[in-house]
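These protein sequences, in sequence, are chains A and B. This note's numbering applies: residue 1 is where the first sequence begins, and numbers increase by one. This note's numbering applies: residue 1001 is where the second sequence begins, and numbers increase by one.
Bear in mind the hints are in silico, worked out from the structure with no lab data behind them. Treat the hints loosely; a few may be bogus.
Claimed, not checked - Short derived list, chain B residues pointing at chain A, Cβ under 7 Å:
#1 1029
#2 1184
#3 1212
#4 1263
#5 1266
#6 1267
#7 1302
#8 1306
As the list claims (entries may be wrong) - Chain B regions said to be covered by chain A (calculated; three or more residues, Cβ under 8 Å):
#9 1049-1059
#10 1076-1085
#11 1126-1136
#12 1271-1280
#13 1307-1317
On a predicted model such as this, the values are computed, not experimentally measured, just so you know. In this text, a Cβ means the ideal position worked out from N, Cα and C, and glycines have one as well.
Number of protein chains: 2
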Amino acid sequence: MKDRYYLAKAITLVESTRKDHKVEAQQLLSLIMDAQHERAKEIGDSAPTFRIGLSGPPGVGKSTFIERFGMYILSQGHRVAVLAIDPSSSKTGGSILGDKTRMPELSYHDDAYIRPSASHGTLARNTNEAMILCEAAEYDICLIETIGVGQSETIVAEMVDMFVLMVPPAGGDEIQGLKKGIVEISDLIIVNKADGEFANAAREAAAEYTSALKYLHPSTSVWNPQVLRVSAKANSGMDNAWKLMQEYYHVMKRSGELSKKRGEQRRLWMWRQISSELLDRLNSDKEICELVDQLEQKVFNGEMTSGTAADHVVDIFTRKYSDAK
Amino acid sequence: MKDRYYLAKAITLVESTRKDHKVEAQQLLSLIMDAQHERAKEIGDSAPTFRIGLSGPPGVGKSTFIERFGMYILSQGHRVAVLAIDPSSSKTGGSILGDKTRMPELSYHDDAYIRPSASHGTLARNTNEAMILCEAAEYDICLIETIGVGQSETIVAEMVDMFVLMVPPAGGDEIQGLKKGIVEISDLIIVNKADGEFANAAREAAAEYTSALKYLHPSTSVWNPQVLRVSAKANSGMDNAWKLMQEYYHVMKRSGELSKKRGEQRRLWMWRQISSELLDRLNSDKEICELVDQLEQKVFNGEMTSGTAADHVVDIFTRKYSDAK
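Required output: the full structure, derived from the provided sequences and hints.
Take a look at the structure:
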């Protein structure tokens, strides 16, 4: 199913909250998983695709980078899909990630597929499944874009092979809103806008990130996180960025770390989804919701321990379920 | 209840897994919370105590530090309780955190209370509740000790006012097993063993941590994480450590950040405990456990999506509950 129309329809299906759509989506995914699994055995490669996460604060130039970088990897014979997780779109009304108008050239290319984030913010589960669909549609490179605030970048880091952080040519303390820990989980830090009047600032920023990284602990023993300067606007550095990413991909693959990482990510997501579905069911009960609100306030004020409140909620939830029948 | 005997009994009660003990424990905690809440209103201070987390790799000298530092703050007129979260004790059979024999002077002092970690590893919920009990027993400083591996230091960071990381006088890349992100969540980094032959190495390490911190993002706008050299063995630097900690405490308190932080921590723990209790109930069902094992393997191998597996598990769990009646 190389057709973009069918891919878009399939993604809409997995994003749907309608019960019959959900059943259909799971059937479709199951067929795909079987086929992928067979194919993996056939070609002796459980990860023939490359999943790249790209995060960075608003205004750093992610769209321009994706446009240029995407065109570059297309020129290398790849097919690229761009997905987005955007926790801000519903709340702040900020710019829409993955917006096609921000990547005009890439979005019209036959071998590229861009999926803007849904207006309500795209759920992690949907993105995980959309990625599987894109890979089935023979996009061998998946780029997942997010902004570096809130929880979204941790979520993205936990569903991709490589996590790339894009930063402006400025000191770390000048960057607003970057989440704690994001530097430490990055496999590659790209300093953008490294040209013209910012060339020197970018050099300094890159040097400082390099020394900061020296003191942080890499997530895998086979790869030391790198720092790279590019200018998306001037279209320079795309080749180096891709070279470093490929290096990472091959090192991770040869060492067996990549398939281990993917397996562990899948297991993590399974448990995360079990938790979140249980909490969803809990929160979809109006009466329990009201109780939770009251208890939450008490807990926040220090009038009740977290444990006591949790016991209450779980007791009532499980009692309700037993009564439901 | 200033009596250590009753405090120890109360903590044993909240740690118990027996159902009647649990009920008793919740009643006791509820009485205490009410009293604390009343007192907070009376004195106009919702956080009259100070909760300090201390983490660091094995062998860094945490026990010696706690012994000296504890004696120092006792000399300043405080009462100190030392608790431990130790994820390793059950698995690796490593040294027991909070072991009294490792803090001989402190453990015999009337104004100190040391609770060694239970042999099965101490659960976060128990530690949260033990801390409340210690505060009710008029220990105004709570030190929560953990080793800097696994998830324990994140857990500790999320239950204390200030998170302190202790490191050896060595380069970041030479420290084995320190968890990613731990440097970034630290409010204070203490380089220990900064004397004798290690004096220079400690100075270098401190300088490198200082520049690494410059590039990371502080968790609160009112405090910039600090780096300090001490020598627990030579009993030097305890006054400076305490001075910095008090500075942090007062800045956080005056700005209102401390009570906000505690409220948010309590809320976080409530949700975390709801999740973990739901998962506990799920995992205590033998049949579901077997299913989960099978699905987990399939998910790990890439034969099934995480979402599909999660749906299965949750469906069967909730169906079982409806049937249970």
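Against the structure, the hints come out as follows:
1. Because the closest C-beta pair between residue 1029 (chain B) and chain A is about 5 Å apart, less than 7 Å, the hint holds.
2. A least Cβ separation of about 5 Å between residue 1184 (chain B) and chain A falls short of the 7 Å threshold, and the interface hint therefore holds.
3. Proximity of residue 1212 (chain B) to chain A holds as hinted, the smallest CB-CB distance being about 4 Å (cut-off 7 Å).
4. With a least beta-carbon distance of about 4 Å to chain A, the hint placing residue 1263 (chain B) at the interface is held under the 7 Å criterion.
5. Using the Cβ-Cβ criterion of 7 Å, the hint placing residue 1266 (chain B) at the interface with chain A is satisfied: the shortest such distance is roughly 5 Å.
6. Against a cut-off of 7 Å between C-beta atoms, the interface hint on residue 1267 (chain B) holds, since the closest Cβ of chain A lies about 5 Å away.
7. At its closest, the beta carbon of residue 1302 (chain B) sits 6 Å from a beta carbon of chain A; the interface hint therefore holds under the 7 Å criterion.
8. Annotation: residue 1306 (chain B) was flagged as interfacial toward chain A, and the flag holds, the nearest CB pair being 4 Å apart, inside 7 Å.
9. Counting residues of the stretch 1049-1059 of chain B whose beta-carbon sits less than 8 Å from any beta-carbon of chain A gives 0, not enough to reach three: the coverage restraint is violated.
10. Residues of the stretch 1076-1085 of chain B lying with their CB closer than 8 Å to a CB of chain A number 0, which falls below the three-residue condition for coverage.
11. Proximity of the stretch 1126-1136 of chain B to chain A, defined as three or more residues with a beta carbon under 8 Å from a beta carbon of that chain, is established by the 3 residues found.
12. Note: the stretch 1271-1280 of chain B has 8 residues with beta-carbon separation from chain A under 8 Å; the three-residue rule is met and the coverage holds.
13. Counting residues of the stretch 1307-1317 of chain B whose beta carbon lies closer than 8 Å to any beta carbon of chain A gives 8, which meets the minimum of three for the stated coverage.
The structure fails hints 9 and 10 (numbered hints given earlier, in ascending order).
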